[in-house]
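Colleague: Listed below, chain by chain, are the residues.
Protein chains: 2
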Amino acid sequence: MSTDPLVIFTPSGKRGRFAKGTPVLTAARQLGVDLDSVCGGRGICSKCQVAPSYGEFPKHGVTVREGALSEWNSVEQRYDDIRGLPKGRRLGCQATVQGDIVVDVPPESQVHRQVVRKAASLRQIVMDPATKLYFVHVTEPDMHEPSGDLERLAVALKDEWGIEDIHAPLPVLAKLQKALRKGNWEVTVAVHRGSLDTRHRIVDVFPGFHEARIFGLAIDLGSTTIAAHLCDLRTGEVAASAGVMNPQIRFGEDLMSRVSYAMMNPGGEVEMTASVRAAIDDLTDQIATEAGIEADQILEAVFVCNPVMHHLLLGVDPVELGQAPFALATSDAMELQARDLDLTRMNDAAQVFVLPCIAGHVGADAAAVALSEEPGKSEDLVLIVDVGTNAELLLGNTTRVLACSSPTGPAFEGAQISSGQRAAPGAIERVEIDPETKEPRFRIIGNEHWSTDEGFGHPRITGICGSGIIEAVAEMRMAGILDDKGLIGSAEQTGTPRCVATGRTHAYVLYDGARFGGPLITVTQGDIRAIQLAKSALYAGARLLMDEMGVDRVDRITLAGAFGAHISPKHAMVLGMIPDAPLDRVRSAGNAAGTGARIALCSVTARRDIARIVRQITKVETAVAPKFQEHFVNANAIPHATDKFTELAQIVTLPDVSFNTGGGGSMGEDGRRRRRARAK
Amino acid sequence: MSTDPLVIFTPSGKRGRFAKGTPVLTAARQLGVDLDSVCGGRGICSKCQVAPSYGEFPKHGVTVREGALSEWNSVEQRYDDIRGLPKGRRLGCQATVQGDIVVDVPPESQVHRQVVRKAASLRQIVMDPATKLYFVHVTEPDMHEPSGDLERLAVALKDEWGIEDIHAPLPVLAKLQKALRKGNWEVTVAVHRGSLDTRHRIVDVFPGFHEARIFGLAIDLGSTTIAAHLCDLRTGEVAASAGVMNPQIRFGEDLMSRVSYAMMNPGGEVEMTASVRAAIDDLTDQIATEAGIEADQILEAVFVCNPVMHHLLLGVDPVELGQAPFALATSDAMELQARDLDLTRMNDAAQVFVLPCIAGHVGADAAAVALSEEPGKSEDLVLIVDVGTNAELLLGNTTRVLACSSPTGPAFEGAQISSGQRAAPGAIERVEIDPETKEPRFRIIGNEHWSTDEGFGHPRITGICGSGIIEAVAEMRMAGILDDKGLIGSAEQTGTPRCVATGRTHAYVLYDGARFGGPLITVTQGDIRAIQLAKSALYAGARLLMDEMGVDRVDRITLAGAFGAHISPKHAMVLGMIPDAPLDRVRSAGNAAGTGARIALCSVTARRDIARIVRQITKVETAVAPKFQEHFVNANAIPHATDKFTELAQIVTLPDVSFNTGGGGSMGEDGRRRRRARAK
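If you read the sequences in order, they're chains E and W.
For the first sequence, the residue numbers in our numbering are 1 to 680.
For the second sequence, the residue numbers in our numbering are 1 to 680.
FYI, nobody ran anything at the bench for these hints, they're computed from the structure.
Everything numeric in this text was worked out from a predicted model, so none of it was measured.
Where hints are given, some of them may not hold.
Stated by the list, open to error - Here are the simulated lysine to any residue pairs, SDA-like style, with alpha carbons at most 25 Å apart:
#	chain 1	residue 1	chain 2	residue 2
1	E	Lys175	E	Arg193
2	W	Lys175	W	Asp142
3	E	Lys87	E	Asp34
4	E	Lys570	E	Met546
5	W	Lys182	E	Gln323
6	E	Lys619	W	Thr139
7	E	Lys182	W	Gly267
8	W	Lys627	E	Met143
9	E	Lys175	W	Tyr261
10	W	Lys178	E	Val270
This is chain E alone, in the form it adopts within the complex (with noise of 0.2 Å):
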């Protein structure tokens, strides 16, 4: 009827006339209107606060008097006596409409509310979770009417939520009786939307209204560690976050040695199989502990991983990944149980997804990029470089998206670097080397001065990080210690006493702790080979994407993964590890696959989305591509023989020097050597 008050709500805009006497939620739920509530309009949980607006809206055509929604009741009085209720808020379940009004629904009174990401990330999370609380009131049994008490579960999330095809594993079963009897027939069950079929699944079930948060742990499964994000699944917020080393490093430092492993240990990739899972327990408790919550409290985890890590996670030989023409044995996203994986530490019913993998090199974390990143909605061109032990570079604009993975083994995470050492307090991350002197001066991490700097004292200083030996090199060249073509030049050579020989080649020393007791640590000729070799890899994909494209220079970089965080993107151009690009064009997007999983464990619609996004990725295969091998040798000398550096030029001058001391410093047998080993 048209002399029905008029209800509009906002942000959304959304309005229509209802009957006098209508709760407010009922009203936003007729009208689509995204207001939340886990009880269901009892007034218990308070998440459908909303915050009522009076005076005129000339823009809405109304006019909002007082007494435009019933007054303040009992349950809102006793819900702020014990709580506390923002000022001017109403319980939307409590509050009907009495005459025409404007409604505002605040932020966290939103289900798809945004979670605004941190300052690097550019796109925001629309919260969507597949695992949610619902409150409801369940008929109690009836000896006359026998029915179980999982279907009449089922039929009260029907009645009340409009929730069907409700699945319980045995977990769920086993509790459900107790927690029904103990809320006296009230409960707040977890259930989990699927995102690959419709089916809904009770994760738990907790006796009466149930006001404890539930997490979800996002999980980047790398080849050196594994790190997690504990988000809260209401907020979104990430908990804890927290990391350990993959075990697997036993087996293998990078991903062919293990698939090597697994070919020549039967039962090798079973052993593999346990040791992963068993650190993602450990790691489950301990992100747990740290955020001061029950590790039952985790309902799911969503996993990105490179191909294979992918497999060893699932119990499959990881094999055919170590030759052409490196087949899967899935591609497609899957929904598992936690249990499916051996995986005990976590809620019982934890439910798991792990994303999709583009190819046999390129996995769910590039995948979990994409996801992140985007390259498909860019206008302008994008480069992105997801580093670690294998690499992963995504072109693309809303054209087209090309993917390739590129094999530059770990030193640039500090692994096969005479001092590296992985990322942690002492390690030296920051390098400067005086042109003129040839002294350096170095930062450590968990310290913020120089090493120049009055205020550094005297901490122990205990090797060298991925980021440190990046930018020592590339310091080392920018000062004429380093050849174009990658050699360390003598002292003489140099005019440094720092430059000292080690047998038929030289090193820089970058620091000598020997009157503290500390370490030597130097940069050698092997150091700058390593480095060579992986840099001359990773640049070597980035060409290869960039002829397929038929471009040779793209708009802008994005420097992902753990360690594209800490990379200066200067040093980068200036080693050659990236095409030439403007340097304000070139920024870190931080663990991007981290967040990708984030954002498929906050969403499901972004889990339904990563099958859309990956399928329009074009694979492009580095081991069998001839031009890659030219690329990979072409790209060896600092700068790179086929490199213009025209922007860099702007910013840095490289000396013209070369130091004829013998080989070690071009592309040896050793690069030849892996990417035979890679191609077979």
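Fit chain W to the given chain E structure using the hints.
Modeller: Showing chain W alone in chain E's frame:
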């Protein structure tokens, strides 16, 4: 075109015209004729064998001439050379239509063939198994068009067999790649079709065309024994049957004592669940060994059981089943994986189907009996009595089906009987007592002679089993050794020295093995009392259903249960176990619950039917019905005070004796206590 040859299939009568050269298999498929094929028409599996008929067929209006089918070809010749093709048979995928033809599809070539059940059974099983084998050719991987092996297998299953929505559990994923490569991209996959949802799950994958048979287990999980039939999933044939004791007996002989154990011992239900699952594992090994197959050829299991066993199998505390309102945790049928139940011996990816429960006292075993015996399809009123430690009763016809359970206790199985034992070689199973001499003769299990026959010899006699004690008590009553209240007379009163005094009561000596170093087997007053309690409970349940149905007699009675097969209807009626009915209308259905399990194992349709069947059954609760108590008390006498025994009177005459030697025989404190405990 009307000039195309006419093809008529028998026995279906389906007909159609097909272009010359059309393979018979193709014609059959297009007409929806039930003609099997595993290899999809590649001439490998020989499942599509047909028998062409030649001559005049006035009924069909055709004359079939030689040459109506293509010539015998090399594929058929090769198959015939290697395997032998029965005379007159052709391979439907090789023989093509050349003229008007009548083609018979022999039973073994029908997917939905009928399996003839054993003598006692009326119903045939129409094969429609959930798990079937499919041979497919999978596209090889292409690194330039990356997709997972599983995804390409799914495409093949869709293209070649029309099977969509394919999922693979991790154990299958782990062996998929090796199978595909070993089979040179041809594999046979075992696909399970869900009955509760529409998904298809790959249960196993074999390289190339797989010849080995696949099996399922139909498991009747009883309180005392666990019995299983191993069925060929293609033919429905029972390859082996085996049984083990339910190890939960150590936690309590009957169901209520197991519920008490769970209540009294924290974690007791976990202990009981583990023990029964371990026993099922053992049984799986045992039955596989017996059939000479590998346990991992068992791809499916179907479970029927009473509610307490149902909950303990699933890992649910049965405590709610021990008290009103006897609420089940879940009542609907369940599809699980063997892994969910920690079953480790059958195939890693084996699927499990658990039949639905009717109510807290009437379980999936009763549902299985209903599936097997179909009371709802009976024109006359049938009472089905499933005798075990707990008796389930179904009463119904096409208008209505009622169900209840009755706490008979384990007396009918020989437990709680002084010389009682399980049915095993050496146990007395049949008894006759001469009304004149009061001398007994008996038969024991494993010996076909009566004890008075010369051929009986001197076997080891160990005790008396359930059917033996029923016959003994009934015969004692008929011989006047027992009065109508159930009291055993003294030697003087009965005129036989076999009646010996035991304190204030008497016992009847059935067998005195002292001379042979054997046992003294007597029927004591306590034994009589135990049988009276059990039979009163059983009878009271049947009467309660008859009250509810508004009848005072039934048209026919079916005795089910492994034990029901051995009960003599005459003795059961003398004892008053079952209501009065014409003796020729009392039959044994054998292990009807086990048969129901087999039906569900062999037919997805039956799995879907069972939900409907269960919904149509009205549950009558004995525990709270005042009428039940009344019937129970009235049923104590032999014969019942309330019974007319009109039919029975034509066969036996019961002596009118009455021994007044004190208490013990009447409905004593024991029975009342048990009923109270149950109604609590």
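Colleague: Quick one, are Lys87 of chain E and Asp34 of chain E close enough, alpha carbons at most 25 Å?
Modeller: 21 Å, holds
Colleague: Against the 25 Å threshold, does the CA-CA distance of Lys182 of chain E and Gly267 of chain W hold or violate the hint?
Modeller: 19 Å, holds
Colleague: Within 25 Å, alpha carbon to alpha carbon, are Lys175 of chain E and Arg193 of chain E?
Modeller: 20 Å, holds
Colleague: Tell me if the straight-line CA distance from Lys175 of chain E to Tyr261 of chain W falls inside 25 Å.
Modeller: Holds, at about 18 Å.
Colleague: If you draw a straight line from the CA of Lys627 of chain W to the CA of Met143 of chain E, is it 25 Å or shorter?
Modeller: Holds, because 16 Å separates the two Cα atoms, which is no more than 25 Å.
Colleague: Is Lys182 of chain W close enough to Gln323 of chain E, meaning Cα to Cα at most 25 Å?
Modeller: 16 Å, holds
Colleague: Is Lys178 of chain W within 25 Å of Val270 of chain E, Cα to Cα?
Modeller: Judged against 25 Å, a Cα distance of about 15 Å means the pair holds.
Colleague: Against the 25 Å threshold, does the CA-CA distance of Lys619 of chain E and Thr139 of chain W hold or violate the hint?
Modeller: Roughly 19 Å separates the two Cα atoms, so the pair holds.
Colleague: What's the verdict on Lys175 of chain W and Asp142 of chain W, does the C-alpha distance respect the 25 Å limit or exceed it?
Modeller: Measuring from Cα to Cα gives roughly 20 Å; hence the hint holds.
Colleague: Check the hint pairing Lys570 of chain E with Met546 of chain E against an upper bound of 25 Å on the C-alpha distance.
Modeller: Given pair Lys570 of chain E, Met546 of chain E holds - Cα atoms ~21 Å apart, limit 25 Å.
Consistency note: the structure conflicts with none of the earlier hints.
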